[in-house]
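**Student:** Model the full structure from these sequences, guided by the hints.
Number of protein chains: 2
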Amino acid sequence: MELPKGFRFAGVACGIKSRQGALDLTLIVADNECTAAGVYTTNQVVAAPVVLSRSRTPSQQFRGIVVNSGNANACTGAKGMTDALEMSKLAASAVADKKLAGTTAAHEDQWIVMSTGIIGRFLPMDKIANGIRQAAAELATGEHAYLNAADGIMTTDIARKIASRQVKLPSGKSISIVGMAKGAGMIGPKMATMLGCLITDATFGADQAQRLLQQSADRSFNCISVEGHTSTNDSLVLLATKPTSDQPGLDESDEAVFSVALTELCIELAKKIPDDGEGATHLIEITIRGASSDADADRIARSVALSNLVKTAITGGDPNWGRIVSAVGYAGVPIKPEVLSLHLNGFHLFDRGEPLEFEAKAVSQSIRGQKLTEIELLVGYGRGTAKHWTTDLNAEYVRFNSEYST
Amino acid sequence: MELPKGFRFAGVACGIKSRQGALDLTLIVADNECTAAGVYTTNQVVAAPVVLSRSRTPSQQFRGIVVNSGNANACTGAKGMTDALEMSKLAASAVADKKLAGTTAAHEDQWIVMSTGIIGRFLPMDKIANGIRQAAAELATGEHAYLNAADGIMTTDIARKIASRQVKLPSGKSISIVGMAKGAGMIGPKMATMLGCLITDATFGADQAQRLLQQSADRSFNCISVEGHTSTNDSLVLLATKPTSDQPGLDESDEAVFSVALTELCIELAKKIPDDGEGATHLIEITIRGASSDADADRIARSVALSNLVKTAITGGDPNWGRIVSAVGYAGVPIKPEVLSLHLNGFHLFDRGEPLEFEAKAVSQSIRGQKLTEIELLVGYGRGTAKHWTTDLNAEYVRFNSEYST
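Chains A and B, in that order, are what the protein sequence lines are. For the first sequence, the working numbering assigns the number 1 to the initial residue and increments by one for each residue that follows. For the second sequence, the working numbering assigns the number 1 to the initial residue and increments by one for each residue that follows.
To be clear, the hints were calculated from the coordinates, so they are not data collected in a lab. Cβ atoms here follow ideal geometry from the backbone N, Cα and C, with glycine treated the same way. Mixed in with the good hints there might be a few duds.
Derived lysine-lysine pairs resembling DSBU-like cross-links, with alpha carbons at most 30 Å apart [stated by the list, open to error]:
{"id": "1", "chain 1": "B", "residue 1": "Lys17", "chain 2": "A", "residue 2": "Lys361"}
{"id": "2", "chain 1": "A", "residue 1": "Lys79", "chain 2": "B", "residue 2": "Lys336"}
{"id": "3", "chain 1": "B", "residue 1": "Lys361", "chain 2": "A", "residue 2": "Lys127"}
{"id": "4", "chain 1": "B", "residue 1": "Lys361", "chain 2": "A", "residue 2": "Lys79"}
{"id": "5", "chain 1": "B", "residue 1": "Lys361", "chain 2": "A", "residue 2": "Lys336"}
{"id": "6", "chain 1": "B", "residue 1": "Lys79", "chain 2": "A", "residue 2": "Lys361"}
{"id": "7", "chain 1": "B", "residue 1": "Lys127", "chain 2": "A", "residue 2": "Lys361"}
Stretches of chain B that chain A covers, calculated by requiring three or more beta carbons in the stretch to come under 8 Å of a beta carbon on chain A [unchecked claim]:
{"id": "8", "region": "57 to 68"}
{"id": "9", "region": "322 to 330"}
{"id": "10", "region": "350 to 356"}
Residues from chain B that face chain A, not an exhaustive set, calculated with beta carbons under 8 Å [as the list claims (entries may be wrong)]:
{"id": "11", "residue": "Ala74"}
{"id": "12", "residue": "Thr76"}
{"id": "13", "residue": "Gly77"}
{"id": "14", "residue": "Thr156"}
{"id": "15", "residue": "Ile158"}
{"id": "16", "residue": "Val167"}
{"id": "17", "residue": "Leu309"}
{"id": "18", "residue": "Ser341"}
{"id": "19", "residue": "Asn401"}
**Tutor:** Have a look at this one:
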C-alpha cells in the first residue's frame, strides 16, 4: 500500500472507550493546506460535529480531520456545539505546537470534526484534550500510523475497514487514494452511522472534489444498510492536494480515471460495513434490473434490503422467496407484476409472475454454505438498475442491540 | 356478547394446516343479501383472493365471506386466480345445498374470498372443497360458531382476536358490531398481513359502508406494524344489513354514533395484532404531537415504530432514547429539532433539543415491568397528531422467522 504524499496519521487511546487501551482518537493532518469535501447524514436530528463540519466543506483551506469514537456528541444541545468547536481548537494548537512544515499555521476553522458512539452524552473534554495532544505527538507518514488512525475511528466494528488504490492517470501522473471507514450498526438508507475518510495526493479544487465525492458516495455508501436507521453522525470526507499555479486540478481525462478508481474504492469500503454488521452471518447483495429509472430501482432494492422478513429468511437459509417478491410490491414505485422474476444465488425461483418448481434443499444449502447471498430481481421493461448491500438479521444482532447502552 | 342478527358462522379443520385438528376454514354467511365493503393491501404484488374481492366490493348484493388459513394463494399466477374463483363457486353451491332462508339463491359472485398463510404454493383444492361443504353444514348463529370462525382465520397468532360493541343509536335502535382479526407477522404500514371481518346488523348502503370502513381502518389497522412488511393478502371487510324501503341506511346522527363505536372496536382489534407479534414481549404505543399535519405525524410515528434499534432497545429495557429521537429526524417530514421532546413511560428524557438527567434504572424498570411501553414525542408547534402501535424485536421473533417455511 502506498500512502498519499503530504499527509500524516495517528490513532491513540485516550480513555473515552471503557476498554483499556482501545484506540478512540484519530488525527489525519495535511502537511500543507489541502482541499476537503464532505457528504453528511440527511437526518434532521444532527450531531454537533456534523453541523460544524458541514458548514466548513468544501474548501481549499483545510489542514485535517480530528475524530473521536465512543461518544457521538449527538443530541447534546448547546454544550455539544461548544465541545465540537473546542476539538477544532485543540487540534489546531496541538499541531501548531508540533511545528509541522506548513505554508500557514493551522487555524481552528481548518478542521473537520467527527464523533461516533453513544448518543446523548457529553464528551469527556479532558480526555479528548489529552488524546489530541498525544496524537499530534505521534503523527507519522507510515503504514503503522495509518492503521492506528483506521482503528481509532471504530466502535462496534469487528474488522478494520480500509482500502487503497494506486492509479496511473492518462497524463502520466501516479496518484494514491486510501480510505478508512467505520460502521456496523445504525446503517440506513442515505448514509449510515458511518464515518469515512478518503485521502488522496491527486490535486483537486474544492468544487471538483465535492462533485467527485458525491458521485462516488451515491454508488457506494448510499447503497448499504444494516437496519435502515439513518444516524445523526454520518460523515464521509475526502482530503486531496490543493491546486496551485504550478499544479492545477486534474484535467477531464485524468478526472474520469480517478473517478472510477474512487468509486471502486468506495464500494469496496462500503461493502465492508454490512459485511461487519453487528452479528451478521450473511452479506446480502441485491441487484435490481428493469425498473423505470435508477432511482426507482434504488427504492425497490432498499425495500427488499430493509425487510426483516427477508433478512430472517436468509439467516435461516430459508428460500422463502414470497417475502422477497412481496417486498418489491410495496416499495412505492411502479413495477410490472407480470414481468417480476427472481433468481436467488443463481437459482431461478419465480418467473414472470409464476412460481417455479425448485429443489428447496439445494437453494437452502447455497445460502447456508457461504457468507454472500445474491438476490437478483427483474421488475419490468425499463432500463433502471441498482445494487444494494445489507446484512441478514439474527438473534445475535438483537441480543447485541438490546444491551448496547445498559 | 350479542351477535348481529341475520348472520351465521362456522370454522372447521380441513387439513390445510399440518397440525391435526387445527381450524383452517371459515364461513360467514348472511341469511339474506347484505351490504359489504372492503379495504385491501396497497402492495402491487397482490394475492388472487384480494384481486377477486377488491373487484366485488362495495356492493349490496353480498352473501358472505369464505376464508382459508395456512396458504395465502399469493404469487400463484393464473392457477391462483382460478382457485380463488373456485372457492366462490364452492361457497355458493354449498350454501345453496343447505337451503338457507334467503331472498335469492347464493350466486358465485356474491362472496368475499380471503386466504392467509405461506406465499407461493397452490391451494389444496380438494381439501378446501371438503372444508367448505363441512363448514356450510355447521353454520350457526351462536357464540360457539362465531368463536370457531375467529379461530379458523388464524395462522401464527397465539391469541384469538375478537371484539364486540352493542350500541344504542340516537334514533333508539340497538345494534351490534362484532369483529375478528388475524395477524402477527408481516405487519406493515398501510395494512398488515392481516385479515379482519366486521359484521353488524346496522343498516348501510354500499357507499356508506365503504366510507365508514375506510375511516375506521385509517385510525386502527393502518396504524399498526410488526416489522413493516406490507403483505400481499391484507383484507378488512365489513358486512352490514342491506337497506330496504322499509329499513333505510342509518341517518346522520345514528351514523356518527356508529362510526365512533366502529373505530373504537377497530382500534381494540388492531392493537391485538402487534400485542401478539411473533415473539413480542412489549406492545409499544407511539404518540406524536406538534407535527405540521396528521399525515406528517403518522410518518414520524412509523419511522420510530419501524426502527429495529428502537425495538431492540425496548426488548432490552434500555432507555437508549437517542435511537428514538434520531428516528424522528429521518422520517422525511420537517420537524423542529429545537422543540423536540421525549417522554418514555412518563419519564421526561429529552427537552427542547437538550438531554435531561434521569434515573436510568427507574426508566429501565418501567420498561421491563410491563408489556406496554409508551413513547410520547413533541416534534414542533403544529396541530398534527398520530398514534401507532408496534412490537419490540427480540431473539424469539428472529428464531421464529428464520424457520417459517423450512
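**Student:** Next step is simple, just say for each hint if it's right about the structure.
**Tutor:** Each hint, compared with the structure:
Proximity of Lys17 of chain B to Lys361 of chain A is assessed by CA-CA distance (about 22 Å); at most 30 Å being required, the pair is judged to hold. Only pairs whose Cα atoms come within 30 Å are accepted, and Lys79 of chain A paired with Lys336 of chain B is accepted, the gap being roughly 19 Å. Straight-line distance between C-alpha atoms of Lys361 of chain B and Lys127 of chain A comes to about 27 Å, which keeps the hinted pair within the 30 Å bound. The straight-line distance between the Cα atoms of Lys361 of chain B and Lys79 of chain A is roughly 25 Å, inside the 30 Å bound, and the hint therefore holds.
Between the alpha carbons of Lys361 of chain B and Lys336 of chain A the distance comes to roughly 52 Å, so the proposed pair goes past 30 Å and is violated. Between Lys79 of chain B and Lys361 of chain A the alpha-carbon distance is near 25 Å, which keeps this suggested pair within the 30 Å criterion. With a CA separation close to 27 Å, the supplied pair Lys127 of chain B and Lys361 of chain A stays within the 30 Å bound. With 0 residues bearing a CB less than 8 Å from a CB of chain A, the region 57 to 68 of chain B misses the requirement of three and the coverage assertion fails.
With 8 residues carrying a beta carbon less than 8 Å from a beta carbon of chain A, the region 322 to 330 of chain B meets the three-residue requirement, and the given coverage holds. Interface restraint, the region 350 to 356 of chain B with chain A: holds (4 residues with C-beta to C-beta distance below 8 Å; minimum three). A least Cβ separation of about 6 Å between Ala74 of chain B and chain A falls short of the 8 Å threshold, and the interface hint therefore holds. A cut of 8 Å between beta carbons decides the hint on Thr76 of chain B: the least distance to chain A is about 6 Å, and the hint holds.
With a least beta-carbon distance of about 4 Å to chain A, the hint placing Gly77 of chain B at the interface is held under the 8 Å criterion. Violation of the interface hint for Thr156 of chain B is found here, the shortest Cβ-Cβ separation to chain A being roughly 12 Å, above the 8 Å cut-off. Evaluation of the Ile158 of chain B hint against chain A yields a violated restraint, the C-beta minimum of about 18 Å exceeding 8 Å. Because the closest C-beta pair between Val167 of chain B and chain A is about 35 Å apart, greater than 8 Å, the hint is violated.
For Leu309 of chain B, the interface hint holds, the least distance from its beta-carbon to any beta-carbon of chain A being 5 Å, beneath 8 Å. For Ser341 of chain B, the shortest C-beta to C-beta distance to chain A is roughly 12 Å, which exceeds 8 Å, and the interface hint is violated. For the restraint placing Asn401 of chain B at the interface with chain A, the shortest Cβ-Cβ distance is roughly 4 Å, inside the 8 Å limit, so the hint holds.
Hints 5, 8, 14, 15, 16 and 18 from the earlier list are contradicted by this structure; the remaining hints agree with it.
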